[in-house]
Amino acid sequence: MSSLSAVHDSAAVKPSLHKTLFATCIGNALEWFDIAVYGFFASYIAHAFFPTSDASVSLLLTFGSFGVSFLIRPLGALVLGSYADRHGRKKALLLSINLMMLGGAMITLMPGYATIGLAAPLLILVARLIQGFSAGGEFGSSTAFLVEHFPERKAFIASWQFATQGASTLMASAFGLGLTQLLSETQMMAWGWRIPFAFGLLIGPLGLYIRRHVPEPASFTPQAKSSAPLKTLLGQQKELMLLAIGLMVISTAVNYMLNYIPTYATKSLHLSGSVAFSATLLAGVILTVVTPLMGLWAERIGRAPLLWGALLLLVLTLWPAFHFMVSYTSPLSLILLVGWMAFLKSIYFSAVPSVMADLFPAATRASGMAVSYNVAVTLFGGFAPLICTLLIQATGSSLAPGYYLILMALLSGAALWRSRTYLR
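Residues in the sequence shown are numbered consecutively from 23, following the working numbering.
Simulated from the structure, these hints should not be mistaken for laboratory data. Among the hints, a few may not be true.
Computed list of lysine-lysine pairs in BS3-like fashion (alpha-carbon distance at most 30 Å, straight line) [what the hints assert, rightly or not]:
id, residue 1, residue 2
1, Lys41, Lys112
2, Lys112, Lys253
3, Lys113, Lys253
4, Lys113, Lys260
5, Lys41, Lys113
6, Lys289, Lys112
Produce the complete structure using the sequences and hints provided.
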């Protein structure tokens with residue numbers, strides 16, 4: 023069969039918008055659900071796998087394992103992103119979701135430190151490394167898959183990548199809020215924290231089944247494939263990678279700050295766990311609903327106004343918002359801060375994936391997006407909870423997370439300015 027007829031046949035079986043979205047985003051949702059759950063239930067995981075006489079040290083070890091697992095994400099991006107550009111988006115997406123399920127099963131079923139000793143934290147770290155590797159290739163492959171199926175709707179359809187992150191935060195927060203209400207602290211410490219991980223494990227096979235039955239994008243032809251995408255990317259497109267990393271800096275920093283909120287609220291602000299999970303539940307609702315709406319709006323007015331508007335508001339309002347919450351600590355002030363951060367994040371997030379896709383040609387798109395995204399997530403997101411915990415301990419100020427986010431917003435602003443020719 024000729025290449026032309028192959029393209030024609032692929033176009034003929036092009037799936038619906040809704041089926042493509044579901045098949046692509048369910049893996050992204052599973053990835054972020056596991057990440058959010060690990061962050062939200064950090065204090066319980068610390069008790070189970072990283073017990074020490076000092077609770078702060080246990081928490082630092084837990085967040086350290088959270089951050090270290092992100093170090094392997096760039097490697098996963100290199101391997102799986104290159105695999106997607108050489109062999110197809112679909113094969114890479116099937117491989118990544120299988121790896122996610124393996125890591126999730128290990129965390130769900132792993133005996134605690136009291137049962138198997140030092141093997142427990144080591145195996146948890148292995149599970150997080152597997153998940154980090156698989157997640158490394160997920161964003162680039164899935165976003166390329168979406169944009170190449172529906173290039174005429176790229177702003178809207180790519181915004182669902184981050185809307186599913188909101189849905190994952192929503193589900194994880196619902197588990198946190200529900201379990202802390204239904205179970206005692208002893209039950210939560212013993213086994214309750216495993217329930218959301220088990221739930222995440224159940225939705226994996228559904229995603230695997232759906233992904234098997236969605237074809238490759240018609241535009242991803244044999245001619246579009248690259249025999250050496252990483253060589254091209256690292257040799258000729260380094261500036262594009264730096265721009266993509268810069269665009270993602272504030273996005274990933276805010277995202278992981280929201281994951282850090284339950285620990286921040288309970289340890290630094292001394293609010294209850296139910297209040298903290300209520301705030302993150304609100305964030306999940308906002309991210310899930312507002313992000314695709316902003317993607318639709320971007321199709322009407324363009325992506326630049328949304329990106330610049332969100333960055334400007336982040337820089338101008340984060341310090342006053344954190345100062346108000348610290349000065350007048352209450353459930354309401356925490357919920358207002360989290361809701362505002364989630365709203366601004368939704369505006370900015372809605373346009374970023376499609377801009378990143380536009381930066382790279384088809385032959386290196388999956389690799390370029392995967393590597394850029396995961397370098398940003400590793401450096402500015404995965405270690406954000408650990409950095410903020412250390413900053414608060416070093417300065418004695420609960421405002422430290424606000425300063426961190428303002429700096430990240432300025433870095434993204436510089437990258438956005440350099441990327442302005444791609445916003446048309």
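Each hint tested on the structure:
A distance of roughly 14 Å separates the Cα atoms of lysine 41 and lysine 112; the hinted pair therefore holds under the 30 Å criterion. With a C-alpha separation of about 22 Å, the suggested pairing of lysine 112 with lysine 253 holds against the 30 Å cut-off. A C-alpha spacing of about 21 Å is found between lysine 113 and lysine 253, which places the hinted pair at or below 30 Å, so the restraint holds. Of the supplied pair hints, the one linking lysine 113 and lysine 260 holds, its CA atoms being roughly 26 Å apart against a limit of 30 Å.
Our distance criterion of 30 Å between C-alpha atoms is met by lysine 41 and lysine 113, whose separation comes to about 17 Å. Taking the CA atoms of lysine 289 and lysine 112, the gap is near 43 Å; set against the 30 Å cutoff, the hint is violated.
Hint 6 alone, counting from the list given before, is not met by this structure.
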